[in-house]
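Protein sequence lines correspond, in order, to chains F and D. First residue of the first sequence? That's 6 in the numbering used here, and the numbers climb one at a time after it. First residue of the second sequence? That's 621 in the numbering used here, and the numbers climb one at a time after it.
It should be emphasised that the hints constitute simulated quantities derived from the structure, not laboratory data.
Derived contacts from chain F toward chain D, CB cut-off under 10 Å, selection only:
1. Ile-33
2. Ala-62
3. Asp-125
4. Asp-126
5. Leu-224
The calculated lysine-lysine pairs, modelled on BS3-like cross-linking and capped at a C-alpha distance of 27 Å, are:
6. D:Lys-800 to F:Lys-18
7. F:Lys-230 to D:Lys-796
8. F:Lys-18 to D:Lys-796
The beta-carbon is built from N, C-alpha and C at its ideal position, and this holds for glycine as well.
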Amino acid sequence: MQPARLERILRLKIPFYIAAAVLQIAGIYLGLLWAPILSTGFSSPVAQRIFYFHLGAALASYVGFSVTLVGSVLYLRKRDLFFDSLSRDAAGLGLAFALMVLTSGPLWGYAEWGTPWRFDDARLMTYLTLGLVFVGYFAVRRSAPNPAERARSAALYAIVGYVLVPLSFLSVLIFRSLHPRVVLPGGGGIGPEGGMVVGICVTAAMLLFVALLLSRTELTLLEAKIERLQQGVEA
Amino acid sequence: MIAATLFGASLGQAGYVTGAGSARTAHLFDAPNGLEATVKVPETLDGLSDNSFVFTLTGSSNTTYRTYVVAIIISPDSAEVRKEWNTSIEGPMGPGPALKPVGIAAGELDYTVPNVPFRAQLRWNGTVLDSADFSIDIRFKTPPADGGLTELAIATVFFWGIVFLYAGYLHLNQRKLRAKAEALERALSPAGEGKDGGRSP
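This is chain F alone, in the form it adopts within the complex (with noise of 0.2 Å):
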């Protein structure tokens, strides 16, 4: 990608923060104080409330694989090192928002149903085994002699993983499954508040997620620099 057009999307990444810290103390505060306790089919209807940042969070960790998906084919096709950072760093950054969605399911499941976890639930094992894969993605990467070979072998690892992003997705729908379904087809529904803070909600974990990606790519940028800037002072 072409430098002056990289700086002029990095620059996006102040208002990005503003707009999702802005949403996040919105999301924060409805989600939190301001949306009905839903009791009607939950014994731990506070707990519930969990379910306002777990669901942006795990859309954003299919977004960061989703990306990571992009950034594999494009280096495939182009053999342009930076869309293998790219896809790196959204790897990273959809492990970050899958450990989020990891600590606050089995939090809310140890409310509600008493276990944090089921290992023959089809729908939290898919998620899990989702997230083990893309930790095998820098496994991978770490595994590779060369930038090059890394860079094609974590791009192939990353397309062939990738079909678990959508059976995770769908699993809910798939599979039967304790875990609720709430807004998919033959759910309980949140009613319209809480439908506007889910929206707000996974408007701001996007955003969030939009922020940091952009941040973290500003630091491989810095870290190649300081590579040629070092490689000029041993020259």
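Following the hints, position chain D against chain F.
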């Protein structure tokens, strides 16, 4: 299910299930007597509450009076955990419906397990006339006194902790790398060399 819907009634011994969520309904038949029994079984049962399954027996013009037994069975094929609740119900003479509930008392399903095998059954005179097999999710949890406020608080702290840790990691690294890049640029530039040269022996 489509095949069962199309052929179920005519085949007789072919109970099937329609609907999803809380509207899921099992259909059972006594075809020779022109009778259909239906019962709503939601996909998720709350073990803390009483659960009542109302069987509705609907006859036809040639239906004759019979005393049936309707049953719901959890884990029907597992001798160790099999549990059955049943009741007898006097079927209608003719088309008029007859209703009777089969109840599971609160606390009898004291576990949280998804996909528990479940069977609705229609019997007469000691013979199984029809069954419908499917599965249910069972939830059993004494609700926390605070409604899950503790879990919500911990989840919120975890969530924002991860965000701030990640953002902090990026910010600190950027500062460190920027300083390093500036130092390297100074070292490479002629002015930087001059300054450094002045301090060096």
